[in-house]
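With chain A fixed as given, assemble chain B onto it according to the hints.
Chains as they are written, first to last, in this note's numbering: chain A, 14 to 406; chain B, 915 to 1167.
Keep in mind the hints are simulated off the structure, nothing from the lab. Keep in mind that the hints are not guaranteed to be accurate.
Unchecked claim - Here are some, though not all, of the chain B residues that point toward chain A, as calculated from beta-carbon distances under 8 Å:
{"#": "1", "residue": "L968"}
{"#": "2", "residue": "T979"}
{"#": "3", "residue": "T987"}
{"#": "4", "residue": "P1038"}
{"#": "5", "residue": "Q1067"}
{"#": "6", "residue": "G1091"}
To be verified - Pairwise CB distance ranges, derived in the manner of DEER restraints:
{"#": "7", "chain 1": "B", "residue 1": "A1111", "chain 2": "A", "residue 2": "T170", "range": "33 to 41 Å"}
{"#": "8", "chain 1": "B", "residue 1": "L940", "chain 2": "A", "residue 2": "L276", "range": "26 to 34 Å"}
{"#": "9", "chain 1": "B", "residue 1": "S1165", "chain 2": "A", "residue 2": "L397", "range": "54 to 62 Å"}
{"#": "10", "chain 1": "A", "residue 1": "K49", "chain 2": "B", "residue 2": "N1097", "range": "42 to 50 Å"}
{"#": "11", "chain 1": "B", "residue 1": "A1111", "chain 2": "A", "residue 2": "D198", "range": "22 to 30 Å"}
{"#": "12", "chain 1": "B", "residue 1": "E948", "chain 2": "A", "residue 2": "L397", "range": "53 to 61 Å"}
Using N, Cα and C, we set each Cβ at its ideal position, and we do this for glycine too.
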Amino acid sequence: MSYFVDENGYYGQFGGAYIPEMLYPNVEELRKNYLKIMQSASFKKEFDELLKEYVGRPTPLYFAKRLSEKYNTKIYLKREDLCHTGAHKVNNTIGQILMAKRLGKNRIIAETGAGQHGVATATVCALMGLECIVYMGEIDIARQAPNVARMKMLGATVVPALSGSRTLKDATNEAIRDWINNPVDTHYIIGSVVGPHPYPDMVARFQSVISEEIKWQLKAKEGKENPDYVIACVGGGSNAAGAFYHYLDEEEVNLIAVEAAGLGVDSGESAATSVLGNEGVIHGSKTLLMQTKDGQIIEPYSISAGLDYPGVGPLHAHLCESKRAEFLSITDDEAMQAGLELCKLEGIIPAIESSHALAVFKTKKFKEDDVVVLNLSGRGDKDLDTYIKYFKF
Amino acid sequence: MNRINKKLQEDKKLLSIYFTAGYPKLNDTVEVIENLEKSGVDFIEIGLPFSDPLADGPTIQASSTAALENGMTSEVLFNQLKDIRKTVSIPLIIMGYFNPMMQYGVEAFCKKCAEIGIDGLIIPDLPVQDYNENYKAIFEKYSIINVFLITPQTSNERIRFIDSISNGFIYMVSSAGVTGAKNSFGNTQETYFERIASMKLKAPQVIGFGISNAETFKMATSKAKGAIIGSAFVNYITDKGIDKIPDFIKSIR
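Here chain A stands alone, though its shape is the one from the complex (with noise of 0.2 Å):
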């Protein structure tokens, strides 16, 4: 069985175009031109030096002594929380932005829920002086300030997403309208690997340097590549897609999908796409989807920003269909703990969304001599407000 997408876009059965015609030429510029530009030896070279002097690749591959002891595993940190702009997210804008670059795009939009893809796309358009807009979910912006501060200091403008939930869905379907509106002179910098094809394809690519990096410290570390775990948390998935792609044809490496349980997944505030979704299709890609009976999509829940998504990319749709991967839900009390002990144990402020992929060592249980390699995803600053609240700091 193949995990990588096939020549129509597909991952399996999950995947697809499904787009108005209105979008047919945008798409399918970014199709024909994505894999020949990406492997051009001038990009290459491009995107390897802004990874290495303007991000500060590659992050660090730390074994976590104290946290290793706790759980009696061997603990390897993935570093992304110290990439430029305090998360991965960075690795997909700044190869977005010179793909846009070549296709001749002069003007940027993306799309944000918690403000850290806004955020990483307003530093690239900086970099390259281009014009950046970004929506996001007007109930997003009034609880996510210093994001929506940071990239306007960067230059972006913020526009308010008003219809539906007015959160990170909405602020996708805005920016799908604004790309409609604006088929020529625009590029849409799609933060995760969801949408239609080659999105999720190309934006897995741009975070494979999170597994590619693994494969080589490890090495240097444990005199071997592979590790028996992998895991990383999923939201629409980017870093998850990221650290588990140099491994999806490795068997013998265990991949876990950690997704945010909320309030627990039968709580009705939840975001476990894998246990609450069915297939259907949203922004442009048939995949696993929380929707009624009826095919109304439902608003998700999840106390991390970066979680609350009612889809998967159709990767991880597949990888959840097929096995490959196993899921596991976390919820909000679980992960929130989860945060806090590394910071006691490691000086490490996670993300709230990496929170959840640590708080597995409380609910899985793994050998002494297993080496398992979790993804930080991003660091906790965005987060204060949030831990502050919720441990009343």
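Just chain B now, with coordinates in the frame of chain A:
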């Protein structure tokens, strides 16, 4: 012969109206359809509301949200329409996004349409290729016409392809953009309308998006077989109520 094809053969410019089912009130659907036919509309697009209508502007987003809040679903719509052919004889088309149809089951959806007397479907986010490979046989089995969209950005080659697989009309999106009322068309639209007219396509073209009044209707139909009014009509019934539908239609032609 399908009612749509019969209508397309009439020697006149066609006026079509889009409205959202279950709006303004849940049970307005049938009355709106009957009022439209009595007012002389040639065919109707019944909008099946969706939570995330990404090809629609603010007006239809709002009417869709309201209709869903009113309780509209595929099942409710089919129930409302079950006796529609006792009172209405003009072509009826359901326009909606793919996901609700997929959840209902594409075959079950088409079968239900055929039973009720729905003549065609417009599904903006079902790609032509996907339709051709996976659903064409089902549509044909139930004699449901699938209507495809073209836009100013669609290449001539692709337009020719879409024409070759169209068995009703081609829905010509007037300009690059989502749905929404405009007061006038510019030179860009005129050039585009002329370009398409000069291609001498097999399938008649009906222009939609941005048609709102007598002027835009007249201009659109000077180059095409007909035109569709959506957002402007939805705005009108929001303001004036569904009793005034005949006044709106009179103001167009």
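Consistency of the hints with the structure:
1. L968: At 5 Å from the nearest chain A Cβ, L968(B) passes the 8 Å test, so the hint holds.
2. T979: With Cβ-Cβ at 7 Å, under 8 Å, it holds.
3. T987: With a minimum Cβ separation of about 4 Å from chain A (threshold 8 Å), the hint on T987(B) holds.
4. P1038: 4 Å, holds
5. Q1067: 4 Å, holds
6. G1091: For G1091(B), the interface hint holds, since the closest Cβ of chain A sits about 5 Å away, which is under 8 Å.
7. A1111(B) / T170(A): 33 to 41 Å: 39 Å, holds
8. L940(B) / L276(A): 26 to 34 Å: Given range 26 to 34 Å: holds, Cβ gap about 31 Å.
9. S1165(B) / L397(A): 54 to 62 Å: Given a distance of about 58 Å, which is inside 54 to 62 Å, the answer is holds.
10. K49(A) / N1097(B): 42 to 50 Å: Between K49(A) and N1097(B), where Cβ atoms are some 43 Å apart, the hint holds.
11. A1111(B) / D198(A): 22 to 30 Å: 28 Å Cβ-Cβ, so the 22 to 30 Å window holds.
12. E948(B) / L397(A): 53 to 61 Å: 59 Å, holds
Of the numbered hints listed earlier, not one is contradicted by the structure.
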